[in-house]
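Chains as they are written, first to last, in my numbering: chain V, 1 to 477; chain H, 1 to 477; chain C, 1 to 477.
Misleading hints may appear alongside valid ones.
Distance condition first, Cα-Cα at most 30 Å in a straight line; then the derived DSSO-like pairs of lysine-lysine [what the hints assert, rightly or not]:
#1 V:Lys321 / H:Lys281
#2 H:Lys321 / C:Lys103
#3 C:Lys272 / V:Lys272
#4 C:Lys276 / C:Lys196
#5 H:Lys103 / C:Lys269
#6 C:Lys346 / H:Lys215
#7 C:Lys471 / V:Lys269
#8 V:Lys321 / H:Lys103
#9 V:Lys471 / C:Lys346
#10 V:Lys272 / V:Lys215
#11 V:Lys471 / C:Lys321
#12 H:Lys321 / C:Lys321
#13 C:Lys471 / H:Lys103
#14 H:Lys321 / V:Lys281
#15 H:Lys346 / V:Lys103
#16 C:Lys471 / H:Lys269
#17 H:Lys471 / V:Lys103
#18 H:Lys346 / V:Lys215
#19 V:Lys321 / H:Lys321
#20 C:Lys346 / H:Lys281
#21 V:Lys321 / H:Lys269
Hints are computed from structural coordinates only; laboratory data are not their basis.
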Amino acid sequence: MTLHPDRLFPADERTRAIAREIHRNTADLPLVSPHGHVDPRLMSENRPFPDPARLFVVPDHYLTRMLYAQGVRPDELGVPSATGEPSEVDGRAIWRRFAEHYKLFRGTPSKLWLDYTFAEVFGIYKDLGPDTADEFYDHLSARLAEPAFRPRALFDKFNIEVLATTESPVDSLEAHAALEALPGAGGRKWGGPGGKVVTTFRPDNLVEPDWPGWKERVERLGEITGEDTSTFDGFLTALRKRRQDFIAAGATCTDHGNRTAITIDDPAKAAKIFHKALEGKAHFGELWEFPALMLVEFARMSVDDGLVMQLHPGADRNHNKWLYEGWGRDVGGDIPSSNDYTIGLKPLLNAFGNHPRFRIVLYTLDETVFSREIAPLAGGYSAVFAGAPWWFLDSPEGMRRFREAIHETAGFYNTAGFVDDTRAFCSIPARHDLARRIDASYLARLVAEHRMTDAEAAETAIDLAYHLPRKIYGLEQ
Amino acid sequence: MTLHPDRLFPADERTRAIAREIHRNTADLPLVSPHGHVDPRLMSENRPFPDPARLFVVPDHYLTRMLYAQGVRPDELGVPSATGEPSEVDGRAIWRRFAEHYKLFRGTPSKLWLDYTFAEVFGIYKDLGPDTADEFYDHLSARLAEPAFRPRALFDKFNIEVLATTESPVDSLEAHAALEALPGAGGRKWGGPGGKVVTTFRPDNLVEPDWPGWKERVERLGEITGEDTSTFDGFLTALRKRRQDFIAAGATCTDHGNRTAITIDDPAKAAKIFHKALEGKAHFGELWEFPALMLVEFARMSVDDGLVMQLHPGADRNHNKWLYEGWGRDVGGDIPSSNDYTIGLKPLLNAFGNHPRFRIVLYTLDETVFSREIAPLAGGYSAVFAGAPWWFLDSPEGMRRFREAIHETAGFYNTAGFVDDTRAFCSIPARHDLARRIDASYLARLVAEHRMTDAEAAETAIDLAYHLPRKIYGLEQ
Amino acid sequence: MTLHPDRLFPADERTRAIAREIHRNTADLPLVSPHGHVDPRLMSENRPFPDPARLFVVPDHYLTRMLYAQGVRPDELGVPSATGEPSEVDGRAIWRRFAEHYKLFRGTPSKLWLDYTFAEVFGIYKDLGPDTADEFYDHLSARLAEPAFRPRALFDKFNIEVLATTESPVDSLEAHAALEALPGAGGRKWGGPGGKVVTTFRPDNLVEPDWPGWKERVERLGEITGEDTSTFDGFLTALRKRRQDFIAAGATCTDHGNRTAITIDDPAKAAKIFHKALEGKAHFGELWEFPALMLVEFARMSVDDGLVMQLHPGADRNHNKWLYEGWGRDVGGDIPSSNDYTIGLKPLLNAFGNHPRFRIVLYTLDETVFSREIAPLAGGYSAVFAGAPWWFLDSPEGMRRFREAIHETAGFYNTAGFVDDTRAFCSIPARHDLARRIDASYLARLVAEHRMTDAEAAETAIDLAYHLPRKIYGLEQ
C-alpha cells in the first residue's frame, strides 16, 4: 500500500484534474498550527518518543474510544488508571490489540492520518493488521531510536512554521522558556522567526469553580503574579498580568472551552459569584454563570492586549461516567450536544463585536450552527471568524460540509483557516495534508461548475492554507 | 420501463463501476429484517392478499399522506373511518385515484419501492399512470389470486432469512405460535433456522398511562402472566415473565417509541407514579416522566435477559388532529420534532452504557443528531449502536447523509445495519435493494477517492448488509 | 470573462448533459416573482436608476455586511446614518471601495448574481476589481442614463410576468394605483394580464406592539378604513377591510415575519393583550404572544378571503446593536437562530391545516427543519407548502440541500417554487437563472442515477419554475 497521489480528490476526472492543480500550490507550504495540544516539553526536552503503542495508541482518544465502543477496556490498551488499578504495560501487547481492531477505522480520518504517518514519516508501505502488527512495531521502534526521529528533528522535517501549544495561566511556562533559550537548530533559532513554538492562554480551570482544585489554582495565580487573588479585582489584575507573561512566551491567542456560548456582561455579578465561590457558597446556577461572565471579562482584556479569543463550546465533558471514574479526563468520554451562538453571544458582541482591535474565532461541535449562526455572525461582525471544523468534524466529510455551509454566506475570508487541534505531534503533517486536499477539492468543484475561475481558486487555496491563519491568529509578526 | 441495473449508483463512470462491483457481492445475500411491522398473521394464515388497492395503497401512510397533502380525503382512498363514516369500498376506484396522482411521487423512495415491486415481484414493466391504472389493477389482481403470490410463497421467493414483527406484551402471540407449529414449507421448517419469523417486545402501550385503555392493559398483563399488576413490583415481574414468553417466540429485541430520549433512573419514583396513574391521579408531568423512568427499568431487564433495546423517539404522534379524529392512529398524521440524546440518555448510559451484556440501538427522526450525538455515543459506549436511517430518512439521500454523518466518527462497525421498518410486506425486497445500492455507492466513493481499498469496501458491504444486523440484533444463533 | 453556458451544472459529463437538456426547457420561461421587496414606485415613477453605487451597493445588505465583516464601516459605503452622522456621498468612491473588496465574494451567490447582471443586463464582459472599477462605473453610468435601462423597460426586457411587492396595511398603495392607471407599455397593459405588479399584505408593524410607532399605525389603520381600531373587534374588521383593498391592488398573498413560528388560537386573549398594549400596559410575555395570536387571526381571515399566507420566522432582528443604532433596520444586522415549526404551528394547523381553501407557505432560516419538520408538514397537510430556501440559503448549496432534504418526503409538488425575495430589481433575472440551473442540476442527478426519467424531469422542471408558483401563490387568474 502506498499513498495514492490523488487521495481525497473528487472522482470526477475533470474536477480531479482541477483539484490536483490547485493542490500543487499548497502542498509544500509551511505548516501553520495556531491551535493544538502538543506538550511543549516534547520540544524542549527533545527526548526520543516512547514505544509505538505509547506514541500512537495510548494517548489518542480518537483511537481508544473506538476500541472501547467495541468492548476493549481502557486498561487493555494501557490507558493509565485514575484509581491505581493496573493497566497493560507491554507496548507490543497493546499494539497487537490495536492492530487486530484496525479494521474498525476503515475510511475514518484516524486511519487516513495514521496511514499517512506510517508511510510518509516512517517509511512503512504496508497495511496494518494482525499479520503485520509485529513488523510495524519493530520497524517503528527502530526508527524512533534514531536521532532523525527526535521531536525537534521531526519539527524541522515537517516544515512547521508555528506550533501553538495550550497552557493554563498557572502553568510555569518553563518549557517555553527553555525553548526560548535554545540555540539555533538546523540553521534556525528556536523560538525565533522561521519556526517557533508559542503558547496559548487557556484559563478554563480558573473559571469553573466546581473543577476540583479551583481555589488552590486561584491562590497559585496570586503567587505567580504577586497579586491578591482573594478579591475579584485582584483576580482580574492577576489574569491581565499573566497574559503579558504569555504574550512574552509568544502567545497571540486565548482559548476557551466553555460548556456553552452563553455570555453575560455584568462585572458586578461576576465579582459577587467569585467571592461566594471562594467561600464555597455559590449555588449551581451561579457556577454555570461564572464562565459566561468571565468570557466577557476576557473579551475586555483582549481589546486591551490584542490576544485573539478562541471559543469552542459544546462538549458535555466526562459524559461516560465509567470512563471518567476509572481513567479520568480527556480519554474519550466527552459527547457533544446542541448549542446556540446567536442569542448566547449577543452580550459579548454587543460590547465588542465591531471593535477594530477585537477578534474571536468560533468553533463548534454542533454543525447545524455552521449555516444558521456561525456564517451569518462571521459575515456580519468584523470581530468574528469561523473556526475550522473541529473534533468529530475534522474529517473529509466534516470539512466539506463546513465549506458548503459557511462559504456562501461568509465567503472564504471570514474563515480562520485550518487548525489541527492535536496532541499527536506525529500526525500534524497528515492532518494538514488532509485539510489542504479537501479545500482543494471544494474549490475545484466551484471551478468545474464555473462558479470561480482557476486563478481565484489558486489564490484562495494559498490564503486558506497559509495567509489566513497567520493573519487571523496574529502570527504574522 | 424496466429497472435499470445501475439505478441509484453515482453517475460518475469511475465510481459507478466500483459501486457495481461492490454491490455484486451483496445483491443476493439473504434479507435480514430485524425491525418491522408486518402482521404475523399474514404468514400464519397465508391467505391471498386482498385487491391491489388494499394491498398497496390503503394501509401505506407514506402513500396516503402524500395524497392528503394534495387535498385527496382519506375516505376517498378507502382508509377506514374511526367514526363510522363511510369510506370508498371499490378497490378499482381507489387504485385509479392513486394512479392519477402517481406523479406526486416522482423521485421519492415510495415510487422507487413500488416500481421495483411491480417489476421484480409482479412482472409489470410499464409506468403506472391514469392510462395504465386498469391494466395494472387487472394484472396485479390476477397474480394475487395465484398460489405463488401467497405470503409464505413470497417469503421464500424474497429470500428472507429472518423477519421480526412487533407485538405488545398483551398480544397473544398466537400467530407466532401457529408459525412455530407449521410443518416445513419449501424444504424449510417455519420458525426454525434458514427462514424464520420472530417477534419483538414493544411495551409502549403499557408505559404511557394516558394512552386510552392503559389500565385495562395493565390488568390484562396480570392475567396473562398470573402476576398481581396492581403493584409496581408485580408489574415489573409480569413484564419480566412476559419477556421470557417473547424470547420463546424468537424475540431477540425490544422496541421503544418514546416521545423523547429522556431517561430517569429512579425506581421509587416510577413506583409512585405507577400507583397514582392506576388511581387516575398522576398529573401531566408525571405522565411524561413515566416512560422515561420505564426505559431504565427495561434496560435493567435487558442486562438480565439479553434482549437488545431499540429506541426511536421524536415523533409528535397524531399531530394532524383532523386525521386522528376522523381516521385514528398510524395514518400519516405524525410529525417529527427536534430531539436530544446526549443529555437525555445520560442516566441510562451511566447505569448500563459500558455493560458487556447490554446493547441499545438508537434511531432518530432528527438527522441533526447523526453527527452531533449518535455517532459520538455509538463510537464511545460499548452498548450503543447507530440504527439505520428510519422513517422520513429511509431514502437515498437520507441514507447517504446518514453514512456521511456517522461513519467518520463511529466507523461502520458501530452501526447496526439496515432495517426496513415496514408494514408493507411486498416492499421488503425493494427496500433492501435500495439500501444495499446506497451503501455500495457510498463505499464506492470512498474507494474512488482512495480513502478505502476495494477489498475493504467489498468486505464492509457484506458486513453492513448481512453480518452486522445478525450480530447486533442477536440473530446469529 | 463571459458567463459560461454550463455554469452551475454538475461537473460530471453525463449529468451535465442531462442538466443542459432539462434547463433548455425552463431557461426562457417568463419570471414569476411572488415574494419580493422591490419598491413599487420604481415602476410607477419609472425614473432612471441612480449611480451604480446607489443602485448596486448601498441598498444591498448582502454586500455591505460582507464588507463590515472585514472592517469597512457603513458610512464609508454610503449607508445613510440613523443618527445624522455624515456618510460617503461620492458614488465613485463607494464603488471603488466595493471593487477593492470584491474578492471577498468569490464563489458566493452575490458575486454570481452581480456577474450575471453586469454581463447579461449591462453588457460588461470583464472581471470587476480595483483595476476595472472606474471602467465599470463609467460603463454602468452611461447605460443607466439610457431609456432602455429605465425600470419599466427592464421589466419588459426581463420577461417578468408577475412581480409581487410587499406593503404594510397602512401603506397608501398609491404606487400600485398609479401602475393600475398606466396605459399599456410595449403592447401590454400595466397591472393587467401578461405582466403585472401586485402588492402583498404584510402586517408585521401592526402586530408587534413594541415596534416604535405601533399605536399611531393602529390609529392610522382606523382612519384609512373608517373603523374604530381602539377596540380589538374594530382592529380585526379594519384589517379585513384593508385586505380587500390589497386584493383590489392585485394581492394574492400575505407575508409574516414573526420572530418564531409559535401560534396561539385564543381570540379572547388576543383582545385582552391588544387593549393592554394600547394602554402601554402589556408586559414582555404578552408582547411576544400577540404576534402568535394574530397569526391565527390572519389564518382565519385567509380562510374567508383566500389570501395565501407566507410565514418566514427565525431572524433575531437588529442583533448587531452597533449597526442598528448607527444605521437602522435592514442593513445586515439580523442573525438567524434555531426554530421549531412542529409544536409551534400545531394550534394553527389544528384549526385550518386541512381546510380546502387555506394555504400557508413556510420558509426558514434554520435548514435543520427542512427534512425534520417542513417536509413532513408539507407532505402531510393539504394547506402547507414548503417555501423556497430563503435569505442565507438562497444559494447554490442552500438550494441543493433544500431539494435533497425536502423532496424525498414531500415530493416536488408540495414545494411552492422559487422566490427571489429581493430589493435589488436588476438582480431578478440572475436569481431566477441561478435557481433554474440548480433545480435542473438536481433533477439531472435523479435522472443520471435512474431515479426519474428524462420526461418526468423535463416536466417537473417546468412545473417548478413556472406552474407551481403561479398555482400556489394564487397567480393563475
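Hints, verified against the model:
For the given pair, V:Lys321 sits about 36 Å from H:Lys281 by alpha-carbon distance, which is inconsistent with the 30 Å threshold. For the given pair, H:Lys321 sits about 52 Å from C:Lys103 by alpha-carbon distance, which is inconsistent with the 30 Å threshold. Taken as a hint, the C:Lys272 and V:Lys272 pair is broken in the structure, with Cα atoms around 41 Å apart against an allowance of 30 Å. At roughly 42 Å between alpha-carbon atoms, C:Lys276 and C:Lys196 are farther apart than 30 Å, so this suggested pair is violated.
Proposed proximity of H:Lys103 and C:Lys269 is contradicted: the alpha carbons are some 44 Å apart, above 30 Å. A C-alpha spacing of about 29 Å is found between C:Lys346 and H:Lys215, which places the hinted pair at or below 30 Å, so the restraint holds. With a C-alpha separation of about 57 Å, the suggested pairing of C:Lys471 with V:Lys269 is violated against the 30 Å cut-off. For the hint linking V:Lys321 to H:Lys103, the alpha-carbon distance of about 52 Å lies beyond 30 Å, and the restraint is violated.
Restraint check: the Cα-Cα separation between V:Lys471 and C:Lys346 comes to about 49 Å, which exceeds 30 Å; the hinted pair is violated. Simply put, V:Lys272 and V:Lys215 have alpha-carbon atoms about 15 Å apart, close enough for the 30 Å limit, and the pair holds. For the hint linking V:Lys471 to C:Lys321, the alpha-carbon distance of about 27 Å falls within 30 Å, and the restraint holds. About 42 Å separates the Cα atoms of H:Lys321 and C:Lys321, which puts this hinted pair outside 30 Å; it is violated.
Of the supplied pair hints, the one linking C:Lys471 and H:Lys103 holds, its CA atoms being roughly 17 Å apart against a limit of 30 Å. Distance restraint check for H:Lys321 and V:Lys281: the Cα-Cα separation of roughly 50 Å exceeds the 30 Å cut-off, and the hinted pair is therefore not satisfied. Between H:Lys346 and V:Lys103 the alpha-carbon distance is near 29 Å, which keeps this suggested pair within the 30 Å criterion. Straight-line distance between C-alpha atoms of C:Lys471 and H:Lys269 comes to about 55 Å, which puts the hinted pair past the 30 Å bound.
Pair hint H:Lys471 plus V:Lys103 holds up; C-alpha atoms about 17 Å apart against a cutoff of 30 Å. The suggested pairing of H:Lys346 with V:Lys215 holds, with an alpha-carbon distance near 29 Å, which does not exceed 30 Å. Taking the CA atoms of V:Lys321 and H:Lys321, the gap is about 42 Å. The hint is violated against a cut of 30 Å. This hinted pair checks out: C:Lys346 and H:Lys281 have alpha carbons roughly 27 Å apart, not beyond 30 Å.
Between V:Lys321 and H:Lys269, the direct Cα distance comes to roughly 23 Å. Compliance with the 30 Å bound is thereby established for this hinted pair.
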